[in-house]
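Number of protein chains: 2
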Amino acid sequence: MEKNDSSQAYPMNGGDGDSSYTNNSSYQKSLSDVAMSLINEAIADMLDTQNFVRGHPFRIADLGCSVGPNTFTTVKNIINSVQHKYQTLKITPMPEFQVFFNDHATNDFNTLFKTLPADKEYFAAGVPGSFYSRLFPSSSVHVIHSSFALHWLSKVPEEVLERGSIAWNKGRVHYAGSDEEVVLAYKKQYVKDTEAFLKARAEEVVCGGLVVVLVPGRPNEVPHSECIGNVLFEVLGCCLLDMAKEGKIDEEKVDSLNIPIYYASPQELKEIVDRNGCFTIEKMKGLPRIVEPETKDHARRLAIGVRVGVEAVLKGHFEDESIDELFQSFSNRLEEQPSLYSSGGAAILFSVLRRNDK
Amino acid sequence: MEKNDSSQAYPMNGGDGDSSYTNNSSYQKSLSDVAMSLINEAIADMLDTQNFVRGHPFRIADLGCSVGPNTFTTVKNIINSVQHKYQTLKITPMPEFQVFFNDHATNDFNTLFKTLPADKEYFAAGVPGSFYSRLFPSSSVHVIHSSFALHWLSKVPEEVLERGSIAWNKGRVHYAGSDEEVVLAYKKQYVKDTEAFLKARAEEVVCGGLVVVLVPGRPNEVPHSECIGNVLFEVLGCCLLDMAKEGKIDEEKVDSLNIPIYYASPQELKEIVDRNGCFTIEKMKGLPRIVEPETKDHARRLAIGVRVGVEAVLKGHFEDESIDELFQSFSNRLEEQPSLYSSGGAAILFSVLRRNDK
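Protein sequences, first through last, are from chains A and B.
Take 74 as the starting number for the first sequence in this note's numbering and just add one per residue.
Take 74 as the starting number for the second sequence in this note's numbering and just add one per residue.
FYI, nobody ran anything at the bench for these hints, they're computed from the structure.
Check the hints yourself; a few may be wrong.
Since the list gives no way to pick one copy over another, a pair counts as held whenever it fits inside one copy or between any two copies.
[Stated by the list, open to error] Derived DSBU-like pairs (lysine-lysine); straight-line CA-CA distance at most 35 Å:
#, residue 1, residue 2
1, Lys187, Lys260
2, Lys193, Lys260
3, Lys193, Lys358
4, Lys343, Lys272
5, Lys149, Lys187
6, Lys261, Lys187
Isolated chain A (complex conformation) (with noise of 0.2 Å):
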């Protein structure tokens, strides 16, 4: 059995403080809302329930679920989605259901634990580990989802931390403006990853399920350096270096600061569910993007966005106090230059795919 949590872990920050992932993840949610009559509509035409046991629970995941309110709003709409279906094919008995809440083992689970709603329909578990390794047993769930995860590669790419490889990022926390190798490096790992994804969930999910992935991406004719993450990785680098130039922090840590994330395509994910061949891909488009006005407010809670996001990376480079100064120089560039974030190209990739019969 492969170790279940070799790769890298970086939790949303936990309890529910300023800047706490509950109380800052708006913006996921807005999106997460668009997507309910998206999980809906393919729980409603793209699950084929044709070969699932009649009185046998339904088991449904959400991988990456962080510690909640979105995880329990989603796993309550796929669970009505389910509900609805069974009702309009007179399928009885109506199955039990027993949801999985995965993350790494490293996320806030206790908090997850007690704030699980009071009034769920479901037999709640959590399950600790990373999901680009095996979670569940073979054929055992039937809707598993992932909003806002799968952009995580399992690690930084080991050619970029090496100085001397022609990968190698100097000066940089991400790739976006840097060498052809290093978007190279990146891409090689995402790749990576991705396969082993598909390959653990092609051995857990029983055919007709159903594979739901949200995730930050970008359009396939948008290069990156114009994507709307890549562009603000991009600037915090920037504020990053300008504090190694005022002495405040050590260049090398910059250096060997990069950022595990990946911005992918429709048309590279494609080629991996493809290659894979467990999958039907039942959709794969691009949610619209949602246009905010050019604020200063706007400008802040994108900063503590990104803030909630990455920080955990950060926080084995620096002392606390030089990120708190990184993020005000950070939000100030973005209040100062709004065409930053507002022109990038950004899509938010929405995808379902169903498991094949074996």
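We have chain A; now place chain B onto it with these hints.
Relative to the frame of chain A, chain B by itself:
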């Protein structure tokens, strides 16, 4: 669906500090070692795999698992026993194993998950909630184990807290030296809880599957007042009353403290299992008491053991300093009077119940 966690939760001390469960569960461990061979025997001789679906995952649950490491050892032992049985019976393919670690939502699941054995040969999941309600889908678990947990009642019986009730337990923290009405109130709660436990497990366990329970209790012929657990709580109550007399704590707080633990006899448990009707009692026996020398060191370890178990209950009533002083005086008293703990009747009750055909 029933609310999962309506009962009171008194988690073992988490983390890995001096008075943590992790570092003070050696008593449980040595008994578990004795229980190991009995579990092996139960799985070899009493688990009926006839109706288990070949190729489906084999599911195991440990109820009241706390934070390890004992739960990991127990689970590994169960899996080895099952594998051995399948090999002996030449049943193929060997199933994959999924293990559910259950405890109250206030249990330290974060520690549990971070310390999962790296070489574990199963898919792990944590399940938060009281085992006096449903935790798993119907007919989905093959072996349920619970060690040193079922003597905890779901709550303090209401009558013993009611000033004016004939069962009001004034001046005591447990029932052994109390009026008959108090003992009866505790017993009624025990019966109600155990009925709820068996009702839930009867739904969850597949036909032929086992419920294995290890729990401190008392031999049929031993009265409550001579059972070692009761004796210890009686001494603890006396120490508290002394502190109240010295004005160090409020006497009313002693009145309102009742430890929700009941030490049942095999006969009491047997009657409830028989009334439930869904299980065959394959084994119900007392384990031999491990006789420890009457040394100061043993007295101190015993005092720490009691503290680890009930500290969470005391924390709602007294300041930390009072609790420190209480256990110092408790430990002193045990050191001075070893006969208190070396003569009392004690029994660890080991039961194996098999789910009948439905």
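Quiz item: What are the numbers of the hints that this structure violates, sorted from low to high?
Solution: Violated: none.
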